[in-house]
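Participant: Using the sequences plus the hints, can you model the full thing?
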Amino acid sequence: MVTDKMVDYPQFLNLMNKEWLVNHKVSEDKKLELRLGPPGEALDYNRNTTHGTKRAFQHTAETRTGEKEWPVDTTKNQCQKISCIEKIGDKVNLPPTPWSSGSTIYSAFSKDTKEEPQHSKASFFQNLPVSKKLAGMAEDFKQPCSPRMAVGEVQFADGKACCSLATADPDASTNITSNKRIEYSPVVGWPPIRSFRKNIASNSLSKPASESSNDKDTGGKPENPKTQLFVKINMEGIPIGRKVNLSAYNSYEELSLAIDDLFSGLLAAQRDPSATQNESKAKESAKAEAGPLAGSGEYTLIYEDDEGDRILVGDVPWNMFVSTAKRLHVLKSSELSTLQICSNEKEKAPFDPAVHI
Amino acid sequence: MSEDDERQQSPPSDLEFVSNKARNCNATGSGSGHPEFQSTYPDQVLENVLENVLHFLTSRRDRNAASLVCKSWYRVEALTRSELFIGNCYAVSPGRATARFTRVKALHLKGKPRFADFNLMPPDWGAHFNPWALAMAKAYPWLEKVHLKRMSVTDDDLATLAELFLGFKELVLVCCDGFGTSGLAIFVSKCRQLKVLDLIESEVSDDETDWISCFPEGESNLESLIFDCVECHINFEALDRLVARSPSLKKLKLNRYVSIGQLYRLMVRAPQLTHLGTGSFSPSDIAGQGDQEPDYVAAFAACRSLVCLSGFREIIPDYLPAIYPVCANLTSLNFSYANITAEQLKPIISKCHKLQTFWVLDSICDEGLQAVAATCKDLRELRVFPVDPREDNDGPVSEVGLQAISEGCRKLQSILYFCQRMTNAAVIAMSKNCPDLVVFRLCIMGRHRPDPVTSEPMDDGFGAIVMNCKKLTRLAVSGLLTDKAFDYIGRHGKLVRTLSVAFAGDSDMALKYVLEGCPQLQKLEIRDSPFGDAALRSGLHHYYNMRFLWMSSCRLTRHGCQEIARAMPRLVVEVIRSADEEEMDDVVGTLYMYRSLEGPRTDAPKFVTIL
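Sequence order for the protein chains is A and B.
Residue numbers for the first sequence follow numbering that gives the first Met the number 0, beginning at 0 and rising by one.
Residue numbers for the second sequence follow numbering that gives the first Met the number 0, beginning at 0 and rising by one.
Since the hints were derived computationally from the structure, they do not count as laboratory data.
One or more of the hints may lead you astray.
Under 8 Å between C-beta atoms, here's a sample of chain A residues computed to sit facing chain B [to be verified]: (1) Val187; (2) Gly188; (3) Phe195.
Once the Cα atoms are required to be at most 30 Å apart in a straight line, the calculated DSSO-like pairs of lysine-lysine come out as [unchecked claim]: (4) Lys137(B) x Lys168(B); (5) Lys168(B) x Lys189(B); (6) Lys345(B) x Lys231(A); (7) Lys242(A) x Lys345(B); (8) Lys197(A) x Lys345(B); (9) Lys250(B) x Lys189(B); (10) Lys197(A) x Lys250(B).
Per label pair, the in silico range of CB-to-CB distance [to be verified]: (11) Pro346(B) x Glu253(A): 23 to 31 Å; (12) Pro346(B) x Lys242(A): 22 to 30 Å; (13) Leu165(B) x Arg193(A): 31 to 39 Å; (14) Asp239(B) x Arg193(A): 25 to 33 Å; (15) Asp377(B) x Lys331(A): 53 to 61 Å; (16) Lys331(A) x Ala603(B): 51 to 59 Å.
If you're wondering where the values come from, they're calculated on a predicted model, not measured in any experiment.
For glycine and all other residues, C-beta sits at the position ideal for the given N, C-alpha and C.
Facilitator: So this is what it looks like as structure tokens:
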């Protein structure tokens, strides 16, 4: 299913590492069958989750046999995340211990540079029979699918972290360890914030702007109670992302133009490296890009909401968009159809993006 | 049974000197043919004196010490203890408590462990107030005050309190659940002497009962009404009338369903307030607010006694300047629900010279914290909460903010700081600049994250804290930590009573260091750390001195925990299962163990196994 279609879309294969796809030879133990819920699933302590096992397995880079039972990841997020984790996994040999799977990516990384032993973790693993080991993993990592956490997951999208790994810095090791993200599936009760403190960001934004009365002594009231809402925006193919202040705009058109400005320079630089050395040339090429960028429909704007779902920009009223958008992506329109494959459970509307860049 | 705690109790209000003396004289005078009548008389006098002296003894710890001197002192101390504190409701049964202490006027009870707040414990685990309510009703009909933390309280319990205790005056519920507005309605309607109703961070179900209207008519004795956590609409007109007939009202904390216009009306009614929770601090949704906005500045200016300000639940920052008049007097300011920027904070904080307690969101960024450090030289407690509590590389506050605070607020005693990145250098700086630190809780939200500058673990930072902050009693650690950090804690954290550990340590040695090194350790909560049975065994000498130990998602096995349970009969060892675990699994998901005089509790739910 997933595997077959992957083959047909090589670009997507770049995102989805084969190793990850075929890894999960746990079918022998039904108990450990990996079950993934949709990202919006709220974590209930009593819910039977084995997300932890899934996570553990993401890091095992062992066999390459086709895995037909791999339950389809209903969230693209997971795919993206895993792709990047796998890339790190390439660098590090990870024994699939509960501790390693949780902490290994990160600690293994730093430990690689410092050579700290991992034997303590491994020994625990060896002492337990397989099913218990995996059960141990399961309980180690109870996965809430709380929306907020799922979003946090997806920070590893597209190329950002992967590219930071790929960048050949002289002091790459320190850079990497300091810049790298620890991509874990969200964990129950972490960070330790009580639930009534959790929705502050959305609460403060949900106040409709129209409520502002006209007679403040301070004069005009900002349209949005929160005057700064910076969200990350990544453009496909550009390793370095930008941040854009959503509250500075009042409509999709303004945002679209702003994003245009943000990336046109970078795009131009990428296509023609020499252009960056000459300022005027860069401006020219930027201008040349601006037209095609804005009107061409070559790019599509996607956002991630607070449940981690990827949604085409333009469907909801502007204010609602601002209050729920956590992150933006600029994707090549041609790639959209391949993305639909990954998110099999989620039915996207027929491809008709509301906003083109 | 009576636990240590750093808080002092209030002195008893009356001495009962005369009646005691009379009672004792009667006892001796009735002369039941006591052959040693003459020789016991001095003892009786001594006991009399002791009783009267002990009335003045308020500290729990002092009282516990006094009760150990001899039987006579034990007896007298028990007679004179008017405020009973029980740190773990399962450590002792209501019957035993009421049998020993017969003249209790105030009960302070704590139930679930703290990690239950973060969904690490299934609901319906226990900590029911009901058996206590019933026992108190029989033993202490004169009970005036109940303070509960993390207990399950039902509407019936509230009714019990109101109906069976005629002089009931104070109810404080912190992090409690199990009741709703209908329970509140019954409670306030029957409790005629009520002075204090404080609902703090509790879950109150919305039974759509207008409980505010249920306060009895006529002048009210209300001194404190705190309901900012109650997530239901309230009848504002009824509240307005209530405030109007409560001349003693000093503390009022409104929930977010009270608009700023309504706040204004209440403030005008009650300028004597000392503690105010402002509700939403934004206009209501109802259109037609009127052309004239009330003079909020004047309302705040009229509250000359205001020292504690909180609320701002849905703040519109434009209204912030209204609070300028009170800033100079504020000792406590809680902005932890106000998503404001550094620029919005600065004009406020620059006026708050007397501020001692400040809770805020990290939306103010390091820059905001620098502003705090520049002005609030008297700051004792700082809490910085995250607007967006998820693991990320970037965050608005970092080591820069912590460093600034450490340099500006030298008198700092308590800090809770959520951030995405932190350096050892900043933590070390704080350890040196703020020697008075009693509580140091640092939460680096990215798990296992090292110092971003040096790539080292955070061992040295926390090590410096325990070494340099000699008064430290509470510590919460985070970031990448090896066993070395725990070695430091064991060596230097001699006063540490509460320790929170998450995603830290390399091996059993870490836990061993702590259990063997920290003699004052009472509350230890650990999650997702690689500590196993061997580590657990190393604390056998100490567990009877502790209130509890919590270990979840560690490497404990059932037989390891069973060993402990067998070795220590007065310890209740609970293994809490999640839904996908079988009863006989050897791996232990969550261990919660505590000393108890009662043995295994009888109200344990199915997912709890007591070994």
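Participant: Decide, hint by hint, whether the structure agrees.
Facilitator: Against the structure, the hints come out as follows:
| no. | hint | in the structure |
| --- | --- | --- |
| 1 | Val187 | 5 Å, holds |
| 2 | Gly188 | 3 Å, holds |
| 3 | Phe195 | 7 Å, holds |
| 4 | Lys137(B) x Lys168(B) | 18 Å, holds |
| 5 | Lys168(B) x Lys189(B) | 11 Å, holds |
| 6 | Lys345(B) x Lys231(A) | 27 Å, holds |
| 7 | Lys242(A) x Lys345(B) | 25 Å, holds |
| 8 | Lys197(A) x Lys345(B) | 25 Å, holds |
| 9 | Lys250(B) x Lys189(B) | 21 Å, holds |
| 10 | Lys197(A) x Lys250(B) | 26 Å, holds |
| 11 | Pro346(B) x Glu253(A): 23 to 31 Å | 30 Å, holds |
| 12 | Pro346(B) x Lys242(A): 22 to 30 Å | 26 Å, holds |
| 13 | Leu165(B) x Arg193(A): 31 to 39 Å | 35 Å, holds |
| 14 | Asp239(B) x Arg193(A): 25 to 33 Å | 30 Å, holds |
| 15 | Asp377(B) x Lys331(A): 53 to 61 Å | 57 Å, holds |
| 16 | Lys331(A) x Ala603(B): 51 to 59 Å | 58 Å, holds |
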